[in-house]
Amino acid sequence: AQSVTQLGSHVSVSEGALVLLRCNYSSSVPPYLFWYVQYPNQGLQLLLKYTSAATLVKGINGFEAEFKKSETSFHLTKPSAHMRDAAEYFCAVTLSNTGNQFYFGTGTSLTVIP
Amino acid sequence: ETGVTQSPTHLIKTRGQQVTLRCSSQSGHNTVSWYQQALGQGPQFIFQYYREEENGRGNFPPRFSGLQFPNYSSELNVNALELDDSALYLCASSQGQGGVEQYFGPGTRLTVT
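Chains as they are written, first to last, in our numbering: chain U, 965 to 1078; chain G, 143 to 255.
For the record, the hints were derived by calculation from the structure and aren't laboratory data. Since this is a predicted model, take the numbers as computed values, not measurements. A virtual CB, placed ideally from N, CA and C, is assigned to each residue, including glycine. Please note that a few of the clues may not be correct.
[Claimed, not checked] Partial selection, computed: residues in chain U whose CB lies under 7 Å from chain G:
id : residue
1  : Y996
2  : Q1006
3  : L1008
4  : T1058
5  : Q1065
6  : G1071
[Unchecked claim] Have a look at the derived ranges for each label pair, beta carbon to beta carbon:
id : chain 1 : residue 1 : chain 2 : residue 2 : range
7  : G       : I154      : U       : Q1009     : 23 to 29 Å
8  : G       : N219      : U       : G1026     : 38 to 44 Å
9  : G       : Q183      : U       : G980      : 29 to 35 Å
10 : U       : P1004     : G       : G145      : 16 to 22 Å
11 : U       : S990      : G       : T156      : 37 to 43 Å
12 : U       : L971      : G       : G198      : 24 to 30 Å
13 : U       : S1044     : G       : E195      : 43 to 49 Å
14 : G       : E243      : U       : Q1006     : 17 to 23 Å
15 : U       : T1036     : G       : N201      : 20 to 26 Å
16 : G       : K155      : U       : L971      : 34 to 40 Å
Construct all of the structure, not just a fragment, from the sequences and the given hints.
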């Protein structure tokens, strides 16, 4: 079975500080992993994806994530938080051989303190 | 390039009624997936349509049904609405049966009273 666990439903950081949002997955086959961002009353926007190429993935808005198979993790980081980064972040996994059903975590709400 | 669009934006229905939600896929995409996002939760997969055929279904009862049309737009129908059906319904489109990059629409907020 596939699943995603996001540790910390709420994370607060100061503007300019490092952002670290945690995601661990379980998958019976090599996974494809994603991070999405959701702003209030909007749909999900793709930040970045891992599809078995480079393990360090760079995304939009300065975010990046590293796939660590030994730790079954795909944590999202950004060196310096900006006020506009305040949003809900979702980690998702899908199976590399089907690509249809996405399994999402329960989300992490990021607050940026000025 | 046109993104994924959904209609209506908001909807209020009474328990027991039926509702139809609509989604237009991104240009060039032939696969549509539907998700239910309850308040404070992550999206839950309802089903996916590829070239007008259902291509996978999550753990939702049969009163959740769908259609995909030749132009790849899609409908989600929910019969016998229950209070717990209140949620944001998201549509995502992708290219191909195994297309892993899904692009989401803004969602339809359904409230059941």
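So, going through the hints one by one against the coordinates:
no. : hint                            : result
1   : Y996                            : holds (5 Å)
2   : Q1006                           : holds (6 Å)
3   : L1008                           : holds (4 Å)
4   : T1058                           : holds (6 Å)
5   : Q1065                           : holds (5 Å)
6   : G1071                           : holds (5 Å)
7   : G:I154 with U:Q1009: 23 to 29 Å : holds (27 Å)
8   : G:N219 with U:G1026: 38 to 44 Å : holds (41 Å)
9   : G:Q183 with U:G980: 29 to 35 Å  : holds (31 Å)
10  : U:P1004 with G:G145: 16 to 22 Å : holds (19 Å)
11  : U:S990 with G:T156: 37 to 43 Å  : holds (40 Å)
12  : U:L971 with G:G198: 24 to 30 Å  : holds (28 Å)
13  : U:S1044 with G:E195: 43 to 49 Å : holds (47 Å)
14  : G:E243 with U:Q1006: 17 to 23 Å : holds (19 Å)
15  : U:T1036 with G:N201: 20 to 26 Å : holds (23 Å)
16  : G:K155 with U:L971: 34 to 40 Å  : holds (36 Å)
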